[in-house]
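Asker: Read off the chains here:
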Amino acid sequence: MDSLDLTLIAAGILVLGVFMYVLLDGFDLGVGILYPLAPSEHCRDLMMDSVAPVWDGNETWLVLGGTALLAAFPLAYAVLLPAFYIPLMLMLIGLIFRGVCFEFRAQGGPSKGWWTTGFFAGSLLATIAQGLVLGTFIQGVEVTGRQFSGDAFGWFSAFSFLCAVGLVCGYSLLGAGWTILKTEGITRDWAWTLVAPLTILVLVIAVVVSLWTPFLHEWIMGRWFEWPRILFVAPAPLAGLVLAGVLLRSARTRNDKVPFLATLGLFLASYYGLGVTLWPYVIPPDITIYDAASAPSAQIFVLVGLAVLVPVTLIYTAYSYWVFRGKVTGDAHY
Amino acid sequence: MELDPLLLSRFQFAFVISFHILFPAFTIGLSIYIALLEVLHLITGKDVWGRLSRFWIKIFGVSFGMGVVSGIVMSYQFGMNWSRFSDVTGNVLGPLLTYEVLTAFFLEATFLGILLLGRNKVSQPVFTFAAVMVALGTLASSFWILAANSWMQTPTGYEILPDGSFAVTDWWQAIFNPSFPYRLLHMVTAAMLTTGFCVMAVSAWKLRREESVTESRTMMSMTLWLLLVLAPAQAVIGDLHGLNTLEHQPAKLAAMEGHFHTNPEGEPMSLSLFGWPDMERGAMAWDVAVPYLGSIILTHSLTGSVVGLDQFERTDWPYVPLVYFSFRLMVGIGLFMIFMAVAGTVLRFGKRGPWGTGWYLALSQWCLPIGFVAILAGWVVTEAGRQPWVVYGLMRTADGVTPTLTGGDVAFSFGLFIVAYAVIFPAGIWFIRKLVVKGPPPELEPLGKAPVFGQKQPAAFGADSSRPHKGGF
Ligand code: HDD
Ligand code: HEM
Ligand code: HEM
Numbered sequence: 001m002d003s004l005d006l007t008l009i010a011a012g013i014l015v016l017g018v019f020m021y022v023l024l025d026g027f028d029l030g031v032g033i034l035y036p037l038a039p040s041e042h043c044r045d046l047m048m049d050s051v052a053p054v055w056d057g058n059e060t061w062l063v064l065g066g067t068a069l070l071a072a073f074p075l076a077y078a079v080l081l082p083a084f085y086i087p088l089m090l091m092l093i094g095l096i097f098r099g100v101c102f103e104f105r106a107q108g109g110p111s112k113g114w115w116t117t118g119f120f121a122g123s124l125l126a127t128i129a130q131g132l133v134l135g136t137f138i139q140g141v142e143v144t145g146r147q148f149s150g151d152a153f154g155w156f157s158a159f160s161f162l163c164a165v166g167l168v169c170g171y172s173l174l175g176a177g178w179t180i181l182k183t184e185g186i187t188r189d190w191a192w193t194l195v196a197p198l199t200i201l202v203l204v205i206a207v208v209v210s211l212w213t214p215f216l217h218e219w220i221m222g223r224w225f226e227w228p229r230i231l232f233v234a235p236a237p238l239a240g241l242v243l244a245g246v247l248l249r250s251a252r253t254r255n256d257k258v259p260f261l262a263t264l265g266l267f268l269a270s271y272y273g274l275g276v277t278l279w280p281y282v283i284p285p286d287i288t289i290y291d292a293a294s295a296p297s298a299q300i301f302v303l304v305g306l307a308v309l310v311p312v313t314l315i316y317t318a319y320s321y322w323v324f325r326g327k328v329t330g331d332a333h334y
Numbered sequence: 001m002e003l004d005p006l007l008l009s010r011f012q013f014a015f016v017i018s019f020h021i022l023f024p025a026f027t028i029g030l031s032i033y034i035a036l037l038e039v040l041h042l043i044t045g046k047d048v049w050g051r052l053s054r055f056w057i058k059i060f061g062v063s064f065g066m067g068v069v070s071g072i073v074m075s076y077q078f079g080m081n082w083s084r085f086s087d088v089t090g091n092v093l094g095p096l097l098t099y100e101v102l103t104a105f106f107l108e109a110t111f112l113g114i115l116l117l118g119r120n121k122v123s124q125p126v127f128t129f130a131a132v133m134v135a136l137g138t139l140a141s142s143f144w145i146l147a148a149n150s151w152m153q154t155p156t157g158y159e160i161l162p163d164g165s166f167a168v169t170d171w172w173q174a175i176f177n178p179s180f181p182y183r184l185l186h187m188v189t190a191a192m193l194t195t196g197f198c199v200m201a202v203s204a205w206k207l208r209r210e211e212s213v214t215e216s217r218t219m220m221s222m223t224l225w226l227l228l229v230l231a232p233a234q235a236v237i238g239d240l241h242g243l244n245t246l247e248h249q250p251a252k253l254a255a256m257e258g259h260f261h262t263n264p265e266g267e268p269m270s271l272s273l274f275g276w277p278d279m280e281r282g283a284m285a286w287d288v289a290v291p292y293l294g295s296i297i298l299t300h301s302l303t304g305s306v307v308g309l310d311q312f313e314r315t316d317w318p319y320v321p322l323v324y325f326s327f328r329l330m331v332g333i334g335l336f337m338i339f340m341a342v343a344g345t346v347l348r349f350g351k352r353g354p355w356g357t358g359w360y361l362a363l364s365q366w367c368l369p370i371g372f373v374a375i376l377a378g379w380v381v382t383e384a385g386r387q388p389w390v391v392y393g394l395m396r397t398a399d400g401v402t403p404t405l406t407g408g409d410v411a412f413s414f415g416l417f418i419v420a421y422a423v424i425f426p427a428g429i430w431f432i433r434k435l436v437v438k439g440p441p442p443e444l445e446p447l448g449k450a451p452v453f454g455q456k457q458p459a460a461f462g463a464d465s466s467r468p469h470k471g472g473f
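Just so you know, the sequences run in chain order Y and A. In this text, residue positions in the first sequence follow the working numbering: the first is 1, and each later residue adds one. In this text, residue positions in the second sequence follow the working numbering: the first is 1, and each later residue adds one.
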């Protein structure tokens, strides 16, 4: 191996990219999921205005996740995508519908109600599908040689569906946090009422998933409780509990910035926990990042691009969030 | 009957990519046009440029949304349906597509937000800058995706690893492979022509209804100059593109020309105008052909030899009629575009001008879809002409498909795509039509600065409540 472990760097960047996606698209999918609960059509307009300028950039992280996986770990791409054929298909259909709804709904007219429903249904479907993918991924997929060898319904399990429900609640919590951050008046007040119940739901599901996971595979059980790995695993549940406490408390103290930031932390903790559990597998429990890595010429070329372009991208993404900073007031429409 | 996952995956791929390309084709051209309008507005300060730009930005927003969602589908298609292809070509195509995401998609997506919704949040120079960035993004996107596609057509700069996959030895050669420069130029020109004819059609429609007359005349005049340059240029680029194809993918060229029998040096090749390529007999039926012209165009000599399909194994033939007729459709439209551009320019010197000539306006209005048709036809030539290879000469399409896929899986996904696109496509067209009917705004709204964080804006709430609050839950 080289002195510079390219595969490790590529994996790190991929992990970061997927996390950016989960956070950024997480809140705008969450806003969609909360749509039917919103107290009025005006609230829904405001909520959509708050995500409209940034959703496309958020979703681009998903595209980056796909292409970077192909570039850095082609074997994983070629195994995982067929394994998730049906859930990914549902995710794409969901994303298609909610994506066009931003523009279509803003045009107003008699069909507006349809696009309101479409935005909700598409967001929900895409989130459920992502949860199914996550659950199936943790469960592991069958591989023979360099190809997936299971059937198309491997994702159909109680565990995957539990993950899906968990993700729906998690994204909703992010969406509520975002709505609190970006709106005022009745919209914000309504979003505040969601924080405590959603936090409790997320917490319960997270606990059940965590207790269930080691029973899926003996090797996970072994890993979690082995010394010194337990030192790396333990911070995740501890941080999760503290942040849940912060969220519950904020529902009474009502500082507008707390729910969104605390939920980000909650996602970070779960993501970290998942990461240390599965590391270094890209397809647990058979294929590690080193087995799946692309040729060095491809890795170097991609990493140079990522090193230069990701910082630039982050800068102008931050700029665009800055342009649209502050509370939405409903005059942003063109 | 057993459903064939390979055949269905091919149809599904053709369907989703054809759907996708319609939107980029339009938005590449349109983003350049909008950037031009914004720059003119910034420099001259003339109101009309800003109002035209505002009009097209709204239309851009709707079609861009559809381009994005259909594009996301594409990037997952590769792995879902063509997993062996992805495994084998990942070292080459993965980095190219990643560069596309990094240089193009983020740029477009981020600055589009400002273009669509940031009008009252940024200053005019920043707004113009955003327009230019979006245009650059669409061009960068074309660059990388066409590099990827061209590598599949004319692979260079690679080696084959022991496990059978491709790895790049020289990125410069892999990107600037032999067919890439022609394909990039031809595609970007095609996109601008397509948008140009859409702008013409919209102006003509407005003029015939005597609405927004000044704006429509301005648009039409600008666009006609552009078409006068681009339409003939496209024919020249296309011709060069074809010569390059002859050199690197002779079987495809033979299929395009319906050229079954290699003509020996000294014997002229005639150019088939119209006939039926009979693959069974291996000859053209009912062929109407111009003697000598084939040799003249393809070899620049009276009797140059051109390789025919008889030099290839039957199993290496593409489906000839599809390639042959699509090629004729594209070239036919290309020639008609030249006619429209020249006729419009000639009419400028008349008293009424093209904007006052009834038949010309009627014709322009009906030209709305021709660019799209030509682009789809051209891509069918390119892609169907590459068959049976997915990477030309190296990997067969049949070897690229996902092995575990069943016919039922693909039928399910294909059906869902058809239903989804059947809903959003007509809706999108309908919204674009509504925006066209509404026309350019009579005056420009003032630029503003962002409201301060947390500042109360009761006025905005008041104005907002006048919006219709209909439907929903
Ligand atoms: C507005 C659209 C448009 C117009 C008017 C034309 N084309 Fe075209 N053509 C395309 C849009 C296009 C395209 C969709 O953009 C393609 C598909 C792939 C590519 O590179 O460009 C294409 C492919 C394509 C190819 C296939 C090359 C290959 O894949 O190996 C050839 C030989 C030509 N064109 C030649 C012509 C000629 C001689 C034209 C004469 C007028 C012409 N095209 C007009
Ligand atoms: C000649 C072929 C293609 C061209 C010129 C092209 C160009 C573009 C352009 C200009 C956009 C911006 C959206 C728009 O303008 O509507 C876009 C979007 C997109 N395209 Fe394509 N594309 C092509 C084929 C493909 C293929 C084969 C893929 C799959 C790998 C793909 C993936 C995408 C994705 C993922 C998006 C969404 C980007 C976003 O999130 O902003 N495209 N394409
Ligand atoms: C955007 C315009 C494009 C159109 C309309 C188009 C059209 C098609 C069609 C009709 C097929 C099926 C051919 C057949 O099976 O007979 C096909 C196949 C395919 N194309 Fe394209 N294509 C486009 C661009 C691209 C680009 C930019 C890429 C890659 C970067 C690409 C990659 C492929 C692949 C992987 C297949 C599947 C394998 C095969 O059937 O050959 N295409 N395309």
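Quick caveat, the hints were computed from the structure, so don't treat them as lab data. Careful: at least some of the hints might be erroneous.
Stated by the list, open to error - Sample of chain A residues at the chain Y side, in silico, Cβ under 8 Å:
id	residue
1	Gly94
2	Thr110
3	Leu112
4	Lys121
5	Thr402
6	Ile424
7	Lys434
8	Val436
Said to hold, decoys possible - Computed far set for chain Y versus chain A, every beta-carbon distance over 12 Å:
id	residue
9	Leu194
10	Val204
11	Pro237
12	Val258
No residue lacks a Cβ here, since even glycine has one placed at the ideal position from N, Cα and C.
Asker: Return the numbers of the hints above that this structure violates; sort them in rising order.
Answerer: Those not satisfied come down to hint 8.
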